[in-house]
Amino acid sequence: MSALDRLARLDRRWIFLVTGLLVLIPLLWPLNLPLTPAPPVRAYHDAIASVPPGSHVLVSADFDPAARPELEPMLRTTLRQLLQRRCKVVVVVLYQGGPLLVDQIVRDVAAAQGAVYGRDLVNLGFKAGNEAVMVLMGQSIPNTFPRDQSGADVRTLPVMRDVRNYSSFRLLVSIATGYPGTKEYVQQVQGRFHIPIVAGVTAVTAPTMYPYLQSGQLRGLLGGMAGAAEYERLMNERGAASRGMDAQSLAHVFVALCIVLGNLAQRARARREEG
Amino acid sequence: MSVYLSHDPGVWIAAALTLFIFSFLYKDNPLYKFAEHLFVGVSAGYYLVLSFWSVLVANLWDPLTSALGGAHGSPLAARLGDYRAFLLIPALLGLLLFSRFLPRLAWLSRWSLAVIIGVYAGLKTTGFAQGDFVAQVQGSIQPLWTASWATTVSAWIFTVGLLTTLVFFYFSREHKGALGVASRAGMYFLMVSFGAGYGYTVMSRISLLIGRLQFLLHTWLGVR
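Protein chains in written order, with numbering that gives the first Met the number 0: chain S, 0 to 274; chain X, 0 to 223.
If you're looking for bench data, these hints aren't it; they were derived computationally from the structure.
Every residue gets a Cβ at the ideal spot worked out from N, C-alpha and C, and that includes glycine.
Keep in mind that a hint or two might mislead.
[Unchecked claim] Distance ranges between label pairs, derived from CB positions: (1) LEU30(S) x THR64(X): 51 to 61 Å; (2) ARG191(S) x ALA146(X): 29 to 39 Å; (3) ALA146(X) x GLY274(S): 50 to 60 Å; (4) LEU30(S) x GLU35(X): 43 to 53 Å; (5) PRO33(S) x GLY194(X): 43 to 53 Å; (6) ARG160(S) x GLY194(X): 22 to 32 Å; (7) ALA48(S) x SER147(X): 19 to 29 Å; (8) GLY274(S) x SER147(X): 21 to 31 Å; (9) SER147(X) x PRO33(S): 24 to 34 Å; (10) ILE258(S) x LYS175(X): 25 to 35 Å; (11) SER166(S) x ALA149(X): 34 to 44 Å; (12) ARG160(S) x THR64(X): 19 to 29 Å; (13) ARG191(S) x GLY117(X): 11 to 21 Å; (14) GLY68(X) x ASN235(S): 45 to 55 Å.
[To be verified] Stretch by stretch, here's where chain X covers chain S in the computed footprint (C-beta under 8 Å, at least three residues): (15) 8-22; (16) 63-72; (17) 90-100; (18) 183-193; (19) 199-206; (20) 220-233.
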């Protein structure tokens with residue numbers, strides 16, 4: 000039996016084991032492989048960096064624990080950059096599994112940055128209704144979210160004093176895993192209310208977002224853990240995404256190798272069967 | 000490298016359940032089944048409770064009691080914003096959905112469904128027309144000769160890819176001759192996009208594994 004035949008019959012558990020080790024080892028002993036921010040990531044960073052201090056920015060954090068490894072680092076770094084620029088941050092959640100997770104992240108970052116909840120930022124919490132909520136926010140955000148995540152009347156919060164609808168914001172940041180998410184914001188909000196949007200999405204969603212980036216409907220894009228890590232690099236941070244990128248790179252090389260070897264083995268078998 | 004085991008029972012439960020799920024990679028077993036069934040049950044309960052408090056209470060009960068309680072004057076007072084007594088109408092439509100449990104009255108649920116479908120069809124159609132169709136057609140019109148050679152090459156690749164991919168999906172004539180060549184080129188462009196999609200999917204799945212291993216190493220075992 001040739002080596003390629005043995006490969007074709009290889010127990011898939013060996014592949015799981017090698018993948019696991021390739022992910023585990025760099026997490027224990029980092030390799031610090033080079034990481035260069037891509038133009039869409041730079042554009043995301045620059046779009047936030049160009050928001051004047053004191054301006055309101057709307058952050059829609061639409062993800063649940065399943066997308067946490069990819070999107071939590073993006074949300075944390077985004078909130079840090081916004082608060083460091085002294086922007087007024089309004090967070091909303093349209094994804095049902097997300098409100099408690101997002102609230103925890105918002106409060107963690109606010110505490111670490113010394114931001115005052117209600118004055119510098121607010122989490123308006125979850126609202127069911129998907130696109131209908133997006134459109135309603137274009138009429139009145141205080142009417143759409145009359146209370147914040149903790150139940151406080153939003154009209155009494157200083158950060159919400161000048162917030163009426165999308166026209167009150169300089170930028171919309173959509174950090175989303177699926178439906179409703181960035182695609183719906185582009186369709187329902189960007190074209191209708193002409194607010195600039197930047198997005199951070201899971202890697203699975205990222206390819207579907209590039210047409211929006213190319214057409215200018217999105218000003219910047221973070222795709223998956225790589226996007227989050229590159230963004231952390233631009234912010235001179237070494238967060239969870241950056242720490243995971245060595246493992247990510249090694250696993251990708253291994254998957255590429257498996258694809259090449261799998262194709263060679265399959266081709267050898269096909270040739271033998273033809274012969 | 001030092002290790003500080005977590006003292007949080009919740010972290011230990013989460014770590015054990017993660018390992019139970021990982022055990023499926025070796026083979027199916029009762030520990031995996033237990034974790035799987037627990038996840039399904041807890042998820043169902045979690046979303047039920049979340050829906051009750053964040054949808055039914057927040058969107059209907061609280062606003063209605065506020066509007067009808069008289070604290071703001073008339074239940075139709077403008078200052079109540081979107082939370083006026085009008086909410087009785089969606090409440091009624093919501094209740095009509097349950098008429099499906101009564102065969103003789105099941106037809107009433109169609110009114111609610113008609114409203115849901117009508118609203119979402121309207122939102123989706125206008126959203127797609129504005130966000131996808133018109134804007135994407137505009138975005139696909141690019142200058143083919145620019146001062147930068149890199150931009151010029153990129154625009155040509157983009158335009159050739161766009162046209163040949165469109166040809167690939169043109170089925171009213173047999174793909175032979177020039178049409179066949181263009182169609183085949185379109186297929187290669189599609190394969191590149193599928194490859195990019197696959198690469199991103201691998202990244203997403205590996206990210207999940209990294210997230211879990213980071214939890215086990217740092218949060219549970221406290222490896223520093």
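**Violating hint indices (sorted, rising)** = Checked against the structure, the hints that fail are numbers 4, 5, 6, 8, while the rest are satisfied.
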